[in-house]
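Undergrad: The chain contents come next:
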Amino acid sequence: MIAKIVCYALNGLEGVPVEVETDVNRGVPAYDMVGLPDAAVKESKERVRSALKNSGLLFPMNRITINFAPADIKKEGASFDLAVAVSLLKASEQLVGVNVGKTVFLGELALNGDLRPIAGLLPILISAKGHGFTRFIIPAENAKEARFLGGAEIYPARSLGEVVGHLVGTSPIEPLDTISYIPSSNAYTSADLKFVKGQPMARRALEIAVAGGHNLLMIGPPGTGKTMLARCLPTIMPDLTFEEALEITKIHSVAGVLGAEGIVCERPFRTPHHTATTVAMCGGGNKVVHPGEISLAHGGVLFLDELPEYKRSTLEALRQPLEDGVITVSRAGGTVTFPARFMLCASMNPCPCGNYGSSERACTCTPAEIRRYRRKVSGPLLDRIDLQVEVDDIDYDDLTSDTEQETSAAVKERVDGARRIQTARFGDYGINTNAEMGERELAEFCALTREGDDILRAAFERMHLSARARARIIKVARTIADLDKSEYILPKHVFEAVSYRIYDKIG
Amino acid sequence: MQYTEEERAFIWLCCVAEADYHSRVALLHAAPSPEALMKEPEKYFPHAAGARYTPDARKRAEELEAFLSSLEKKGYFAVTLVSDDYPESLKHISLPPLLLFGKGRRELLKRRKFCIVGSRITPPWAEKLAKNFSEDLSERFAIVTGLAEGGDCAAIAGALPGGNLISVLPCGLDECYPAAHASLKEQIAAKGLLLSELMPGETAKKYSFHARNRLLAGLAEGVLVVSAAVRSGALITANCALEFGRDVFAFPHNVGSVHGEGCNELIKKGAYVATRSEDIFSLYGIEKREKKARQFTGEETRVLQVLREYGELHAAVLAEKVGMSAYETAAVLAALEIKGAAVKAGGNKYSAV
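If you read the protein sequences in the order shown, they are chains A and B. Numbers in the working numbering are just positions in the first sequence, counted from 1, shifted up by 186. Numbers in the working numbering are just positions in the second sequence, counted from 1, shifted up by 226.
So here's chain A without its partners, still in its complex pose (with noise of 0.2 Å):
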């Protein structure tokens, strides 16, 4: 008898739909699997037959073949395992009159029976149910993550022996409820800007940075609270959305990375070590293509701390997804797109000493060391990040100083308004924050009066600044007049938005 058992494979961050096919036959005891099945997907024989065995099923001693169609695409993980095994007991006749034809089986089996969560059931889901399938099986662990899927019915189960008893009827599983979407309040991050002493400028900076969705470099000595100043950032982004959460879940159930939550509802702060290699930090990996650091930053901010220490290849590669919000993965097994729409925000020494400007202690480098030091960070980086601020090196009494600093979520309501400002101006340009903004939106939205377009010729006069810079300093001031609550852009927005391009006068 055959039996044809629905489950789903993983691509980027869509589900493929995966039928399991098994056909029991007379003939000597032969287990055959066919359909591009990885090794991992090869050892669930063992898996299956002993997890049979132990939930009081047969593994039928029969001539069987198991076909995963479609037969050309690369099956990869445990995740079939279930499916294959209720696959079994139904051609071998086991679960006789269960309909099982518009079920989707999910989960891993251990030895004894039990079900085991797989990465990669949120988009499997979303998937599915783009697909017409509205009744699931999952692993019980999964359940979090899957309570947030409206419009289905879905059953976690603990084991194979609890699904056989919801198929026969004798032990029915409860479906999951749906529960709706909260935004995180940030209750169990430490992280907040009333923590931050001092620091009026870097402050400033990291909030009109939020504000537009514009990147940041903080250029300080060590030990001054970069690092600190970043951590704060999520707590200053706007909450995030249902579809925004949705889409970020994905990608983290994706890598595996889901926390206990089973959704990501607070914005994502992600912090690659500067040894990280160019596929760790833009996806890759040997069949199946896993999203890399920018796209679990999606949504959040990539932290780059030390910025010049990173590979200078690695970096580069990070220069087209930050224009497009997009990275595209070539690899064996298929090309996947995954989002990376991330805030980029990346901290540095001003040189390799790191004391240049501090008034506490003396640089000891040479003009031609710094030099060198600073081109580590290329040019055409460093025009995609729009805010350039130097972190004060704090004294002690600025440390112990018990003045009372604004909160993250005092800034946080400024930058709403902000955001709020912008949304209602883009609506129909399908952006969403001022540095999205491409040459159209500037010329409609961002026009400079007369004493403007004077004060940025003289600041290119004076400061040397790249053409391509000019852009990039009226989208700030766009950001600090929004913040401002101001229709036009003044002198005093352009002012501070040169103001914030430092680097192109130490550089």
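Certain hints may be false.
[Said to hold, decoys possible] Distance condition first, Cα-Cα at most 30 Å in a straight line; then the derived DSSO-like pairs of lysine-lysine:
| id | chain 1 | residue 1 | chain 2 | residue 2 |
| --- | --- | --- | --- | --- |
| 1 | A | Lys598 | B | Lys547 |
| 2 | B | Lys547 | A | Lys383 |
| 3 | B | Lys547 | A | Lys671 |
| 4 | B | Lys547 | A | Lys380 |
| 5 | B | Lys432 | A | Lys562 |
| 6 | A | Lys239 | A | Lys190 |
| 7 | B | Lys317 | B | Lys269 |
[What the hints assert, rightly or not] Over the 12 Å line for every Cβ pair with chain B, so calculated as not near, a few chain A residues:
| id | residue |
| --- | --- |
| 8 | Val220 |
| 9 | Leu244 |
| 10 | Thr251 |
| 11 | Pro525 |
| 12 | Ser564 |
| 13 | Ala595 |
Rather than coming from a laboratory, the hints here were simulated on the basis of the structure. Glycine included, each C-beta is placed from N, C-alpha and C at the ideal position.
Given chain A, work out where chain B should sit, using these hints.
TA: Then chain B, alone, in the frame of chain A:
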């Protein structure tokens, strides 16, 4: 480039025949003229230690011709001690160069010259001030300086647009030290004048900086030291200037600032204090042309006043004193910076110029 017979013989002696500086001088003293040296070297050369020449007279002429055409090809010219435009001031220093190679505006050699030097690490305010000085002074003088970062670069930045700039290299004209300034060097060759006493292909050695600094001081009527640590190349130039009887000026620095101690030391020893370009002009009896006054808004004037009062200030501290928020002050400071009235000193600190 047309050379007289005398110049040609001189170039042959300095560039084609093998000899060191002292043998060349001895040879010039022994022979009635440079031409005689080239014509009958066998008469004079045996008496000079280590001097060698090609015995065949025709070959000698060919070698000289080849050398001159190689200079011509690169656009270089040679100024010899006997040339009309050999700077008079150089003749009175110790070991005056017998020959200088140049590229660019040769006529600058005849102009009045003033030297501006500074250490490679120069505080931003001093760089800015040096640039302003260089701009002002270059209206009346050809500015003489090197090619290094910091003080030299500030002097170049001020004088290059007007073209009244002589940059003396510590290496041959083919080379560039520091290498990063290759394009700057090209600009100077196009608008101003590059000079070197070394053969075109020679690279910079440790001692060539010292020798170059003696030329800087030798060429100019006066030397302005914008910044110098206790041990600094700029001080070598200043010492040469004193030795040659040139006027020495220096920017006053804060007491204890590492990159200004040399300047303060010079002032202690009697150098002129320079805070405005008039200080220099007045010594030479030149009246400075008045420039258009800069326009400032009310806020800018207030910030500038506070800056002048306190010297270097952190933007946040400044904001407190002026009674504005830090980011508003940042905008005003950017405006002042663009207008050239303030400069950023790193670490969010600013000072007035």
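Undergrad: Next, verify each hint and record whether it holds.
TA: Against the structure, the hints come out as follows:
no.: 1; hint: A:Lys598 to B:Lys547; result: holds, 28 Å
no.: 2; hint: B:Lys547 to A:Lys383; result: holds, 19 Å
no.: 3; hint: B:Lys547 to A:Lys671; result: holds, 26 Å
no.: 4; hint: B:Lys547 to A:Lys380; result: holds, 23 Å
no.: 5; hint: B:Lys432 to A:Lys562; result: holds, 28 Å
no.: 6; hint: A:Lys239 to A:Lys190; result: holds, 22 Å
no.: 7; hint: B:Lys317 to B:Lys269; result: holds, 28 Å
no.: 8; hint: Val220; result: holds, 64 Å
no.: 9; hint: Leu244; result: holds, 75 Å
no.: 10; hint: Thr251; result: holds, 71 Å
no.: 11; hint: Pro525; result: holds, 33 Å
no.: 12; hint: Ser564; result: holds, 16 Å
no.: 13; hint: Ala595; result: holds, 19 Å
Hint check: no violations occur; every hint is consistent with the structure.
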